[in-house]
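S.K.: Which chain is which? The protein sequence lines are A and B, in order.
Heads up, the first sequence is in our numbering, so the first residue is 1 and it goes up one at a time.
Heads up, the second sequence is in our numbering, so the first residue is 1 and it goes up one at a time.
Certain hints may be false.
Derived Cβ-Cβ restraints for the label pairs, each shown as a range [to be verified]: (1) Gly302(B) with Gly29(A): 23 to 33 Å; (2) His192(B) with Met109(A): 48 to 58 Å; (3) Arg20(A) with Arg22(B): 45 to 55 Å; (4) Asp115(A) with Ser79(B): 51 to 61 Å; (5) Pro124(A) with Arg116(B): 29 to 39 Å; (6) Asp115(A) with Gln229(B): 30 to 40 Å; (7) Arg20(A) with Gly242(B): 15 to 25 Å.
If you are wondering where the hints come from, they were derived from the structure by calculation, not from laboratory data.
For glycine and all other residues, C-beta sits at the position ideal for the given N, C-alpha and C.
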Amino acid sequence: MNDSHRDNLMPLPQPTALSRPHWDACREGVLLVQRCAQCATYVFIPQPCCTNCQSAELKWVPSSGRGRVYSYSVVHRAPRPQFKVPYIVAVIELQEGWYMLSNVLECPMDDVAIDLAVTVRFKPINDDITLPYFVPA
Amino acid sequence: MTRRASRSPLHDVVIVGAYNTRQAKQLDLDEIDVLLDAVHGALASAGLTLADVDGFNVTSSTQRLHSRQAVMLFGAQPSWTGSDIGIPAVIEAALAISAGLCQTAVIATAQVAAHRDNAKTAPWTRPGNEFVACWGLFTPAEFALMARRHMHLYGTTEQQFAEVAATIRNNGARHPQACHYGKFVTAEDVLHSRMVADPFHLLDCAMTSEGGAGLVLTSVERAQDLDVQPIYLLGGGTDKQGMAYVTAPVWDKFGQVGRRAAQQAFAQAGLTPSDVDVLELYDPFSFEVIRQLEVFGFCGPGEGGDFVMDGQLRMDGKFPAVTNGGLLSFSHAGLAQLLQKPISAVQQLRGEYPPELTVKDARVALTSNGGSGALFTDVLLLGTQRAAA
């Protein structure tokens with residue numbers, strides 16, 4: 001998440017009917033995730049039914065936004081020139097037990113490590129899209 | 001054969017043709033011309049002509065030609081048309097032959113001019129998904145997230161990755177058709193190459209290139225009339241765990257992908273890993289070779305790093321691996337590179353490789369496609385003799 005994200009050549013999310021609640025909540029500073037009303041399974045990325053019991057009763061619930069770095073990579077060769085290297089991509093394991101991809105920012109490259117405690121932050125990119133990212137807790 | 005093979009319709013089918021077009025970083029050829037070369041070359045290597053073919057799976061990547069369009073290039077009216085890619089395409093065609101839907105099938109594909117903008121990474125490495133692309137994820141980073149977790153769990157090292165990369169690249173350096181022919185590297189060279197996505201250095205990563213490839217399959221009976229050495233299908237498995245590059249590559253969920261495919265393939269063949277003479281493993285990144293050794297049963301969980309440091313994957317080791325140089329050195333073009341795993345196995349088992357790349361008396365080859373970062377791994381066992389059912 002750097003200034004280059006304002007570049008319209010960046011691969012910004014294009015929310016779908018399914019994912020729209022997640023992205024809308026990011027604009028409000030809330031990390032929403034689907035949870036099954038039948039079996040309590042957290043579902044991410046968004047799906048039309050529970051991936052455990054196939055119930056259609058998925059509710060959007062706020063995540064704590066707290067978690068740990070499950071795995072990471074420091075990227076030195078960006079897929080597009082619009083990304084400024086180096087940057088950290090990571091799998092974040094949220095406290096509720098679900099996983100998402102994101103960036104770890106405000107963290108020296110040498111300090112990122114598996115099990116590093118992190119918490120979510122939000123950065124508005126344009127009127128529609130606000131991206132969640134993680135910083136050391 | 002250490003165990004009794006289970007009955008499998010794959011055992012009724014053989015590969016009789018295997019062919020690579022010229023491979024290069026860039027080809028000064030039209031993709032269709034490369035595709036035609038792949039089809040005609042594969043048929044010529046089988047001693048067959050188009051008139052013998054009644055099954056087609058022929059595609060091209062950049063021009064997005066699918067099989068039902070491609071048959072029109074040949075004025076063909078096949079009784080069967082395939083739709084899968086790579087090793088699953090070989091299994092699909094074999095099942096069509098054993099079911100009597102066709103008798104002889106050609107599988108061929110080509111890719112030219114898909115990637116000419118060096119400011120960006122290759123287009124097929126850049127996911128478009130809304131929960132992936134915005135973080136600057138791309139294929140090397142996806143696979144790096146798996147490798148990093150493995151390093152954390154088992155103490156696997158970059159030196160072990162470098163040993164794999166150097167071993168494979170030095171095979172390609174000896175293969176006259178490889179894009180990186182003559183380019184020998186040491187493990188130190190790999191470690192000193194620039195970082196792409198930590199822990200992967202440039203020389204840990206697949207190259208990009210252009211080219212085509214083709215295979216011809218027919219029934220065991222039909223092959224008896226041909227003047228070529230048939231290579232038998234011993235067993236196969238296709239392990240898919242969802243769409244690649246849309247969800248987080250979590251090792252605990254997806255790190256074992258391919259274990260089931262290998263178990264199925266070995267059970268069909270009546271073989272165990274110790275029966276394998278050559279490993280044409282999928283090598284998009286050096287780490288994936290280490291992972292496959294573990295999930296395919298050549299060593300225990302977490303032991304892959306130590307396994308490769310014993311030199312077992314080198315040409316003079318117990319399990320020579322990726323003997324054509326693979327995606328790291330031979331070529332990495334479109335869907336052709338998937339077919340080039342069984343193609344290399346066929347050429348190896350037929351004794352067609354130069355002496356320095358020949359695995360002496362090789363009878364059984366394991367081939368694979370896919371990887372943990374892409375959430376799929378397919379396995380195909382090939383041999384010089386029919387499975388002993």
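S.K.: When the structure is checked against the list of hints, which entries are broken? Sort them ascending.
M.R.: 1, 2 and 6
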